[in-house]
Every structure is written in structure tokens, then in C-alpha cells.
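Undergrad: Please take these sequences and the hints and turn them into a complete structure.
Numbering (this note's numbering), first residue to last: 40 to 181.
It is possible that some hints are incorrect.
Taking lysine-lysine pairs in the DSS-like style, the calculated list, with each CA pair at most 27 Å apart, reads [unchecked claim]:
#1 Lys58 to Lys180
#2 Lys180 to Lys56
#3 Lys83 to Lys98
#4 Lys58 to Lys78
#5 Lys146 to Lys56
#6 Lys100 to Lys64
#7 Lys98 to Lys180
#8 Lys100 to Lys56
#9 Lys78 to Lys146
#10 Lys180 to Lys78
Computed spacing ranges between beta-carbons, pair by pair [to be verified]:
#11 Arg116 to Ala72: 32 to 42 Å
#12 Pro62 to Gly134: 25 to 35 Å
#13 Gly125 to Asp171: 25 to 35 Å
#14 Ala166 to Val103: 12 to 22 Å
#15 Lys64 to Arg116: 28 to 38 Å
#16 Thr61 to Thr157: 30 to 40 Å
#17 Thr61 to Asn161: 12 to 22 Å
#18 Lys64 to Ser124: 13 to 23 Å
#19 Arg141 to Asp76: 12 to 22 Å
#20 Lys56 to Lys100: 17 to 27 Å
#21 Gln85 to Met162: 13 to 23 Å
#22 Pro62 to Cys133: 17 to 27 Å
No lab work stands behind these hints, which were simulated from the structure alone. Even for Gly, the Cβ is constructed at its ideal location relative to N, Cα and C.
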Amino acid sequence: MSVVLAGAAMAGLWGSKVKTLTPAKGRLEIPVASIDDGKAHHFKVQAGDGVMVTFFVLKSKDGVIRSAIDACDVCYRAGKGYEQSGDEMVCLNCGMRFASARINEVKGGCNPAPLNRTIEGNMLVIAMADIDRNSWYCTYKK
Numbered sequence: 040m041s042v043v044l045a046g047a048a049m050a051g052l053w054g055s056k057v058k059t060l061t062p063a064k065g066r067l068e069i070p071v072a073s074i075d076d077g078k079a080h081h082f083k084v085q086a087g088d089g090v091m092v093t094f095f096v097l098k099s100k101d102g103v104i105r106s107a108i109d110a111c112d113v114c115y116r117a118g119k120g121y122e123q124s125g126d127e128m129v130c131l132n133c134g135m136r137f138a139s140a141r142i143n144e145v146k147g148g149c150n151p152a153p154l155n156r157t158i159e160g161n162m163l164v165i166a167m168a169d170i171d172r173n174s175w176y177c178t179y180k181k
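TA: Rendered as C-alpha cells:
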């Protein structure tokens, strides 16, 4: 008998790959150099309502750094989130695939819930107000 673990289950076995961030002055700052490799980077931060919000950031093939809550309008109750497969993010609940270049462009339904972000100098900046507005997506996070 063999057991195959993937996604969140594998993270539980090998240790979490989600970095915990601490906001400063109402915002999160992530060095662009640490996230510009084309790979999805998962982070979590405590929202104002106490919910731990998980989100991901990645640089898509078109060179844009994108960010989204690790959940969507449809599957958020499953609390499973997304993992990267090539140039797509894949829902760990329903298996839907999303091209990285469409993250932050297409909203609602099964698409990853977008987070507003800016680049200031060499930092990606996400306002905690945006995290707080979207914390409800993570109330079921496992």
C-alpha cells in the first residue's frame, strides 16, 4: 500500500511553506527580489478581526507581480487554497486551473480573490485595509 500526499497534506508532512508576516504602519512590505522568480509564494498575516489570512504572490510570465487571497468565492469554505502547477494556480478543492496572468484581472466566481498591491521602490506593498476587507475568505482555513 502506498499513500500519495499533495498540496496542503504534503505541507503538513514536510513543514509549512507559508511565511508569517507582521504589518507595519497599516501595510505589508515584501521585497520584490524575494518573489520575482515566477513561483507562487504563500504568506499569512493576522487581520484586524483576528483571522489569519493566507494569500499568495507570484510574478506571471508577462512580468507583472500579482497577489490574491488563497481562496475564491466558491470554494473558500473548504479552506484548501491553491498550489502552483507550471504557469497556473490550481484550486486544491475543485481542481480548477487559473493562468497566472489572469490573477488580479478576473474577479469573482472560481477565480482567486484579488488583492490590491503596488510596487514602491523595491518593495511589494499590500494595505492591511485590503487584507481586513477580505479576511472572511479565510474563516474556514485549515
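Undergrad: None of the hints should be skipped; say for each whether it holds.
TA: Taking the hints in turn, this is what the structure says about them:
1. Lys58 to Lys180: holds, 15 Å
2. Lys180 to Lys56: holds, 15 Å
3. Lys83 to Lys98: Distance ~18 Å between Lys83 and Lys98 Cα, so the pair holds.
4. Lys58 to Lys78: Holds - the C-alpha atoms of Lys78 and Lys58 are around 14 Å apart, at most 27 Å.
5. Lys146 to Lys56: With Cα atoms ~26 Å apart, Lys146 and Lys56 stay inside 27 Å; holds.
6. Lys100 to Lys64: Violated, because 32 Å separates the two Cα atoms, which is more than 27 Å.
7. Lys98 to Lys180: Within the cut-off at roughly 24 Å; holds.
8. Lys100 to Lys56: holds, 22 Å
9. Lys78 to Lys146: Holds: Lys78 and Lys146 sit about 21 Å apart, inside 27 Å.
10. Lys180 to Lys78: holds, 22 Å
11. Arg116 to Ala72: 32 to 42 Å: Since Arg116 and Ala72 have Cβ atoms about 36 Å apart, the given range 32 to 42 Å holds.
12. Pro62 to Gly134: 25 to 35 Å: Roughly 33 Å apart at Cβ, these two residues keep to the hinted range, so it holds.
13. Gly125 to Asp171: 25 to 35 Å: holds, 32 Å
14. Ala166 to Val103: 12 to 22 Å: holds, 18 Å
15. Lys64 to Arg116: 28 to 38 Å: holds, 33 Å
16. Thr61 to Thr157: 30 to 40 Å: violated, 19 Å
17. Thr61 to Asn161: 12 to 22 Å: holds, 19 Å
18. Lys64 to Ser124: 13 to 23 Å: Check failed, 36 Å falls outside 13 to 23 Å.
19. Arg141 to Asp76: 12 to 22 Å: For Asp76 against Arg141, whose Cβ atoms are near 20 Å apart, the range 12 to 22 Å holds.
20. Lys56 to Lys100: 17 to 27 Å: holds, 22 Å
21. Gln85 to Met162: 13 to 23 Å: holds, 20 Å
22. Pro62 to Cys133: 17 to 27 Å: Roughly 31 Å apart at Cβ, these two residues miss the hinted range, so it is violated.
Violated hints, listed in ascending order, are 6, 16, 18 and 22; each of the other numbered hints is respected by the structure.
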